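There are 2 protein chains.
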Amino acid sequence: MFGAIEAGGTKFVCAVGSDPASLAVTQLPTTSPEITMADAVNFLREHSHGKLQAVGIGSFGPVDLSKSSRTFGYITSTPKIAWQNFNFIGTVHAAFDVPIGFDTDVNAAALGEARWGAAQAISDFIYLTVGTGIGGGAIVNGRVLHGLVHPEMGHIRIPHDQVRDPYRGCCPFHGDCLEGLACGPAMEERWGIPASTLPVDHPAWALEAHYLALGLANWVCTLSPKRIVLGGGVMQQQWLIPLVRSELVRLLNGYVQSIELTEKVDEYVVPAKLANRAGILGAFALAQQAYQDQQR
Amino acid sequence: MFGAIEAGGTKFVCAVGSDPASLAVTQLPTTSPEITMADAVNFLREHSHGKLQAVGIGSFGPVDLSKSSRTFGYITSTPKIAWQNFNFIGTVHAAFDVPIGFDTDVNAAALGEARWGAAQAISDFIYLTVGTGIGGGAIVNGRVLHGLVHPEMGHIRIPHDQVRDPYRGCCPFHGDCLEGLACGPAMEERWGIPASTLPVDHPAWALEAHYLALGLANWVCTLSPKRIVLGGGVMQQQWLIPLVRSELVRLLNGYVQSIELTEKVDEYVVPAKLANRAGILGAFALAQQAYQDQQR
Chain A
673 MFGAIEAGGT KFVCAVGSDP ASLAVTQLPT TSPEITMADA VNFLREHSHG
723 KLQAVGIGSF GPVDLSKSSR TFGYITSTPK IAWQNFNFIG TVHAAFDVPI
773 GFDTDVNAAA LGEARWGAAQ AISDFIYLTV GTGIGGGAIV NGRVLHGLVH
823 PEMGHIRIPH DQVRDPYRGC CPFHGDCLEG LACGPAMEER WGIPASTLPV
873 DHPAWALEAH YLALGLANWV CTLSPKRIVL GGGVMQQQWL IPLVRSELVR
923 LLNGYVQSIE LTEKVDEYVV PAKLANRAGI LGAFALAQQA YQDQQR
Chain B
673 MFGAIEAGGT KFVCAVGSDP ASLAVTQLPT TSPEITMADA VNFLREHSHG
723 KLQAVGIGSF GPVDLSKSSR TFGYITSTPK IAWQNFNFIG TVHAAFDVPI
773 GFDTDVNAAA LGEARWGAAQ AISDFIYLTV GTGIGGGAIV NGRVLHGLVH
823 PEMGHIRIPH DQVRDPYRGC CPFHGDCLEG LACGPAMEER WGIPASTLPV
873 DHPAWALEAH YLALGLANWV CTLSPKRIVL GGGVMQQQWL IPLVRSELVR
923 LLNGYVQSIE LTEKVDEYVV PAKLANRAGI LGAFALAQQA YQDQQR
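These protein sequence lines are chains A and B, in that order.
Add 672 to the 1-based position in the first sequence for my numbering, that's all there is to it.
Add 672 to the 1-based position in the second sequence for my numbering, that's all there is to it.
Pulled out of the complex, with its shape left as it was, chain A reads as follows (with noise of 0.2 Å):
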């Protein structure tokens, strides 16, 4: 019986069980450590009868995953004060003495659409969310990639037509990399009325578009990923995709040659499909990975 925590800015989801179908699950306000945790243990022990092995978690960020680190399994600088510095691992131990999985939550949502989603026995994939922020993990080789800290995707420095697209950006880092153009807060921001109801013939989605297919031409370029699996509030819009694959071809240009990249393109970038389970699906599945490298 494994327990998972998808720990996200505004909410925790919290499931217990053996099978990824039949699992407890409850949501939990994200409020402080203290009170947050103590619901989300109190969850995981009733529900567990004593027979937890492993405990799997997907956090918000920044996360410290550095092994040899002080600080590993901290969330580390996050504006969420109460949660700044907070030792996630620890407290988590403290309750349960049984090995822990620990990883972003975008990295637990591409695990998860590696078991049972949308990029099932796939090595090299990328998992994609577009909502309120851009995030992506990558899988390479089977694994999941951490490097020095881990990516961070949704910042990296596209194209910018100022002639085309006044808009300046929203992201307090950077401006207009690819999250301050393209997340939904950037298109409610620069067309006034929210993203979820921009309607199918509105300009918004071309540009969006064409924003969401150079960040995965980049990543083509760079990753050589075999699936690229779109997620989150903004790939809700069923008309996107389409766009996206097509100004994601036309991008190209040819240049990498593949099929997948040319007519099998719908077969290469496709919707998740766990949606909004991705994320506890995926801690679920570092639980057992926990449990499994224990094991060894």
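Think of the hints as simulated: they come from the structure by calculation, not from any bench.
Treat the numbers as computed from the prediction; the structure is a model and nothing was measured.
No false leads were mixed into what you were given.
A pair holds if it fits inside one copy or across any two, identical chains being indistinguishable in the list.
Lysine-lysine pairs mimicking DSS-like chemistry, simulated, CA-CA at most 25 Å apart:
| id | residue 1 | residue 2 |
| --- | --- | --- |
| 1 | 739 | 898 |
| 2 | 739 | 936 |
| 3 | 752 | 739 |
| 4 | 683 | 752 |
| 5 | 898 | 936 |
Fit chain B to the supplied structure of chain A, relying on the hints for placement.
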């Protein structure tokens, strides 16, 4: 005893030996597969005295690296007509019945720098060469990143301020992608003299550093490497790397919190150590790897 072939567009470098510090090495012009490959095979045969245990090949591309493909080990759609659809592995295998390691020239160079150069014992890094073109190889979790095809890092799109730099870019596929704006030929076409003759106080270098740093910032956000190794002809100008470092720090603007990206950036962005030997030593490492893989 291992053989190594670095197959470049204008010359082949071939090496034989058991110790990378004392290899027999030769250079051959790249003419046709019949002539160049016969000479390469002869060199390997003569200097190995029948003791060749594996051969490693780092080749110009595009190459097919997909082991399940019918054309695995081929050079595919190169503009060099004589080498189109050339069965590289098959040709070497017909001459030597030994394991063969095969990868792109830039991945081989990355491997060389990993084994004996500027990225020893670094599990996650990027090797970038800036010369006639711009190419990058990535090591992730200690293994070369291949994915669907292989990276084409030079072809990422970056912001291009056409007021500051009206040059349209020289990439036949993408115009003003990173390679189109920042490779050696782009510098020469923009400024009217070869990059190697541009003096230290020429504005060309600040612009070049800006473009390269935009690429590096995007790769930091995507791959989160633990080090970035810069090689190639354009990087021979000693003053360029310090400019790239400070521009990278400025562009990231503190968002990715790591001492490597601020105080320690001098150890993070470093020049290649093996210079023009990275490719052939990497091919030697590919031979060692192929031999070890077969022993398993």
